[in-house]
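Participant: Letter by letter, the chains look like this.
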Amino acid sequence: MQFVHTDEQQLIRTSARDLLRSRAGPAQRRELLRQAPGYDLQLWRTFGELGWTGLAIPQAYGGAGLGWVELCLLAEEQGRALVASPFFATCALAAPLIAAGAAEEQRRALLPRIASGALRIACALSGSDGRPPPEGNAVVLAGRDTQLTLSGVSDFVIHGDSADLLLVLAHAPESPAELSVAVIPAAAPGVTIRPHTMLDLTRPMSRIELDAVRITRRDVLGEPGASGNAVQEALDLARVALASEALGGAEQVLEMTTAYVKERVQFGRPVGSFQAIKHRLADMMTAVEAAKSAAWYAACVADERPEELAEAAAIAKSYCCDAFFDCAASAIQLHGGIGFTWEHDAHLYFKRARATATLLGSPAWQRERLVRRFAAGESATPVF
Amino acid sequence: MQFVHTDEQQLIRTSARDLLRSRAGPAQRRELLRQAPGYDLQLWRTFGELGWTGLAIPQAYGGAGLGWVELCLLAEEQGRALVASPFFATCALAAPLIAAGAAEEQRRALLPRIASGALRIACALSGSDGRPPPEGNAVVLAGRDTQLTLSGVSDFVIHGDSADLLLVLAHAPESPAELSVAVIPAAAPGVTIRPHTMLDLTRPMSRIELDAVRITRRDVLGEPGASGNAVQEALDLARVALASEALGGAEQVLEMTTAYVKERVQFGRPVGSFQAIKHRLADMMTAVEAAKSAAWYAACVADERPEELAEAAAIAKSYCCDAFFDCAASAIQLHGGIGFTWEHDAHLYFKRARATATLLGSPAWQRERLVRRFAAGESATPVF
Amino acid sequence: MKLGFTAKEERLRAEAAAWLHAQLSGPFRDLRGLAKYSGELARRREWERALGAAGWSCIGWPEGYGGRGASLAEQVIFAEEYARAGAPGRLGYMGVELAGPTILACGTEAQKRRFLPPIARGEELWCQGYSEPNAGSDLASVRTRAVLRGPGSGKEWVVNGQKTWTSFAQFADWAFVLCRTEEGSRGHQGLSYLLIPMHQAGVTVRPIRQMTGGAEFNDTFFADARTAADNVVGAPGDGWKVAMATLSFERGVSTLAQQMSFANELRAILSAAEANGLIRDPEIRQRLAHAHIGLRLMRYSALRMLASAEAGRLSNEAYTYKIFWASWRKKLGVLALDVLGPRGEIAADAPYEWDLLPRLFLSSRADTIYGGTNQIQRNIIAERALGLPRESRPG
Amino acid sequence: MKLGFTAKEERLRAEAAAWLHAQLSGPFRDLRGLAKYSGELARRREWERALGAAGWSCIGWPEGYGGRGASLAEQVIFAEEYARAGAPGRLGYMGVELAGPTILACGTEAQKRRFLPPIARGEELWCQGYSEPNAGSDLASVRTRAVLRGPGSGKEWVVNGQKTWTSFAQFADWAFVLCRTEEGSRGHQGLSYLLIPMHQAGVTVRPIRQMTGGAEFNDTFFADARTAADNVVGAPGDGWKVAMATLSFERGVSTLAQQMSFANELRAILSAAEANGLIRDPEIRQRLAHAHIGLRLMRYSALRMLASAEAGRLSNEAYTYKIFWASWRKKLGVLALDVLGPRGEIAADAPYEWDLLPRLFLSSRADTIYGGTNQIQRNIIAERALGLPRESRPG
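So the protein sequences, as listed, match chains A, B, C and D.
With this note's numbering applied, the first sequence has no gaps in its numbers, which climb one by one up to 384 at the end.
With this note's numbering applied, the second sequence has no gaps in its numbers, which climb one by one up to 384 at the end.
With this note's numbering applied, the third sequence has no gaps in its numbers, which climb one by one up to 395 at the end.
With this note's numbering applied, the fourth sequence has no gaps in its numbers, which climb one by one up to 395 at the end.
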């Protein structure tokens, strides 16, 4: 038992931090946020060249064969640097969904192209109200065999406007529990993509309308109607990645604010020498440390203890997102007026914190899910 | 419009504070808490002599004919001094219940004796689970005319073990909405009174068992089965008095703690010079000031605007009790170890705060009640 | 203690209600419900003039300066009716609530005659120049300099420096500005409270874009800006004292107007919860109740403040009011977004335009910062109201 | 990063589980589930001796002093099994977790031989003498004096003063006590860490009744109390350094044992909510989930601390752990009473005896005070972990 990152894992963290510092700093970010797709395509290519896109994909499918612990280190560093990138949607959501739900042949067709960085995939899983999938799913997969059609609306599709492929969650007509996932080109006839302006400027989302989009049996992952479990597993893995991102963001706002209060002088002394400021930063650090425990443990569980994944993911998603939000809110407060301006980074973290919390089930939703588990006796309340 | 106490009202406050300072100080309290009835009978007699027991009772019934604003000033000062006294049960709960629900003849029989201080009345309104009456009422009034009986159990009866009379809330057999209030001697045959040891040492409560207690039609206040509204009105008036008590308690712990941190020296300076301590006290004061607004306004409403009473009582009860609890908890924290000892007053306030919050509907219960009102459009959400 | 009003006061209420109703269902129908200060500039200027022409702009001021000499109770009544009628946020705020009362309290007779009537008529709008990039919480460290130059009676103040967070600067005619007028002075000493015309070459206003996407605040630059030697309120060097007087005017009747926009926000949240069914969620219900309670308590506290002010005292609730409402509104912002759910995070319009409730979520983040951060407020409460020892300062 | 255990470690787990099960369903059946340190004194002493005899008392210590030289992972495993088995709170806590490790780290070889084995055998119990009435948060201001007296080799320390909040003092055999041994010294200087036998005429223990009604803490008075000249750990005058070492031992494997009693409390709350139907209340559910999450995070953090300790570092989570659990447990206490409802406010017995959950509500009020108040913890985090400027102190 060694609940600490290995030297190899630390190395991944360090190289990620170095790369993002030089390639994804505040100035670059400001530039990119101004126009579609909202992220740096060159940087994304570099992710592919460095093997980051295939980090957690098995070697048999062209990946590096490492685990979720390693992928989450990348997520944490991207959260810290507030990187806008298709990494989350493609590598932390689409890839595990394909790994868990696709037939071998489909895996062989898709995973190597994800690993190489050749594919950007958006996942159209949510309905119009944005509740965690499959709640509110409003896409129907109708017909049989070669005569299948996808119809309906999906919203909150991350990077939907710049993806090569879409993974679309759909249910059978009049049978919401029979879930299928279809793979279609983003440019397929009948697909309309309407980008939103979102609160969080770093994770663009779109509404996708499907008007009798024709597909075949081979475009459906695995067995039609049987993807429910694969979706849940992929969502929990994605939640762990989001928790890691949130952790990285919380760490960064803590560091940024600590540095600021050491420098900013009011009343003839650094504001960081005032006890009220110090104590607020101490509270931020307390939350950050607990968030580390939550996110790192969940990543370990993803690799080692699948039976604990649902619980650990819910804990990490809810705690890390709350911690990020509170820290980002404190960062604005402790920066004073400047922290409220558009030109300062604080608001970008604050908005990302809110949006990350909302994504795939709010903290309150995750907690309700946890209680359902232990009130049902699935996990003993207790600790040990 | 003059939302401030008049000089006459200030005088009531000042004389109450002076009396309680000399007659109900910490040493006296310690002595009294050791034995039944848990309060100072001499002091209670003085309340009667000073006319406090009849302050809000109309002159026609032997009272001073003042209002709830004045009665709440006494409640506030008793809360501040943490006085154990039958005042609340007799004057702030039983008296308005009689005033609202009794027939003229009954009022003439009972109110003057309350006003003179001759009667101590306990109200057996709650059921075994202590929810706000009439929820959970478990006393049945059966029979007709001269052949009436009271049977069942009431719990959380304040000063039940030292009252002369009991006001018992009962419902008709198989008709929980037909509520009656009966007046019986505490020593009536069939009445068993079992005192509890309560968390709050300053407000003793008992469980009362009624085993086919025989009464007559004349022992029932007003019309049998028709006391529902009178009970609600009396409960809201009592809630305003409790809120005032809570306000007084909150003010006192704020003052006590302010004085302590000015004196207590650690690290070579008064702990009250540390910003973290100052800010916590500032938060206490912010809560205390808002609690003043809540309690004082509700007391005014009780006298002037009956149509606003339910709302103002719910606001005052929930806000003042929360404020008292938070302030009392802060007082323990800011006193350090000494604040946790039995010998220091801090825990007595803390426990009284908790118990006052629980009594007649917790803060959360009051809030739910408020939302039901404005979601039903009874009060426009809004302020003005 | 009494909540009711006199017959005379109730007559004023009826008069105000009638006038407001006529205007806001007639010529100013389009401004009804516009709580925020932004947007509809020209129309809002007309509204200020209409208020002025009818004598409703500054009813608490003496009649000689454009007011009605109304009592505080009457001012409360007018604020209530103004709110009830859904009348818009006031572009004249800074003049009506801050500059005017300061001049009234500390100005010369000539200043009162020159400046008060145009404010009361809604003709001259004002903005406030206090904060500077390095003087945020520590207001006494202002560096904007002003020196008296020129010959004899032609002397005027020449002002250089930068003020920040100057709301209303983009359309104000005048600014009241805290300047350092004694070379080498520090802290509270050597400051003066100057009145400076905004329409001159030496004044440049640059909007500050905020996290809301909007730009309601500004940086205001003074480069050899000028104002007449007489345009100093109080004696030169007494600026700190005068400025503190202004800050205390921020509390009072105007808080009732502010509560009007809070009530609108809460009402919108309640409607959203009713529309999407979250009104049935017990946790949301608790939070709605907390919000409702907070709003009521603000109102009750404002009434207490007014009663104390009438008696000439600054009472304790006045110290705690700012932190109370600012903390309250920040929570309201989170509640708003929680009620809206994920769709609340989609902008109403590109590039970054937001409806009332998401804007509340964003803008409320500034409430605990401007006008004295929560930290500063707590210091003031602890030291001034509770008498705790002052923070020890390094030499 | 790896959560799994080695085969050797799993063997230790099996061995521990088997022994604990045999004892707690056999001879010590009556102690099962007794998490608190109070009550059942004689039986608890027997339990300490049984642990000692079987070699489970201090498994992390070297074999020569009564331990097993177990790795941290093995200690974690034992703590887990101890918890899982419902084994009782340890009367030997102060010796096993504080005095022993301090002597091991800073003591002489002779001290180790004299003091460690009786602790490991469960024969000698300890208590801690740090706080004084005027040295609470400001521990460095202790006034208890000790002077070396007597001729040549017969010299001994003579101790005078008062310690407070000395838990376990009423049955301890020894105390480790921070004393001022240099006349006129101030602050951290001139303190020594003495080991003092409790069973002597110069030591008086007076229980402090707490708001719970119980008396788990004591005032301990030293009036010419004596101990041998050798019974000082570290050099005379180095007491502060040695005491700080002890404080850092408070974090570690023992936190896992502490979490056991927290888990019992949470489990009892859940049962109460299931019994009275409040488990269906969405707001209570959220709070139960928060509590569950907090408990899990404490466990994960303890695992991180152990991994860091294995690598010889004091990592950040160690700074934040105390404030995290103390704040958590205080919330848990309120949740407990909210779940119990009004009946939770009725005592189990006169004069003032409380069941587990109301006792939690009351006792948790001390968690954010003792062992460094939350305020002190935040200072430490800010200054040591975040490197913020130290509080300015008046001269």
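If you're looking for bench data, these hints aren't it; they were derived computationally from the structure.
Since we're looking at a predicted model, the values are computed, not measured.
Just so it is clear, CB atoms sit at the ideal spot from N, CA and C, and this is done for glycine as well.
Heads up, a few of these hints could be off.
Claimed, not checked - When the alpha-carbon atoms are kept at most 30 Å apart in a straight line, the in silico DSS-like pairs for lysine-lysine are as follows:
1. K112/C x K155/C
2. K8/C x K155/C
3. K2/D x K112/D
4. K155/D x K262/B
5. K331/D x K241/D
6. K262/A x K8/D
7. K155/C x K262/B
8. K8/D x K112/D
9. K2/C x K112/C
10. K262/A x K112/C
11. K241/C x K155/C
12. K112/D x K155/D
13. K331/C x K112/D
Claimed, not checked - Each pair of labels, with its calculated beta carbon distance range:
14. R194/B x R343/C: 55 to 61 Å
15. D211/B x R43/D: 40 to 46 Å
16. G225/A x R267/C: 41 to 47 Å
Participant: Output the numbers, in ascending order, of every earlier hint that fails for this structure.
Facilitator: Going through the list in order, the structure violates hints 2, 3, 4, 5, 6, 7, 9, 10, 13 and respects the others.
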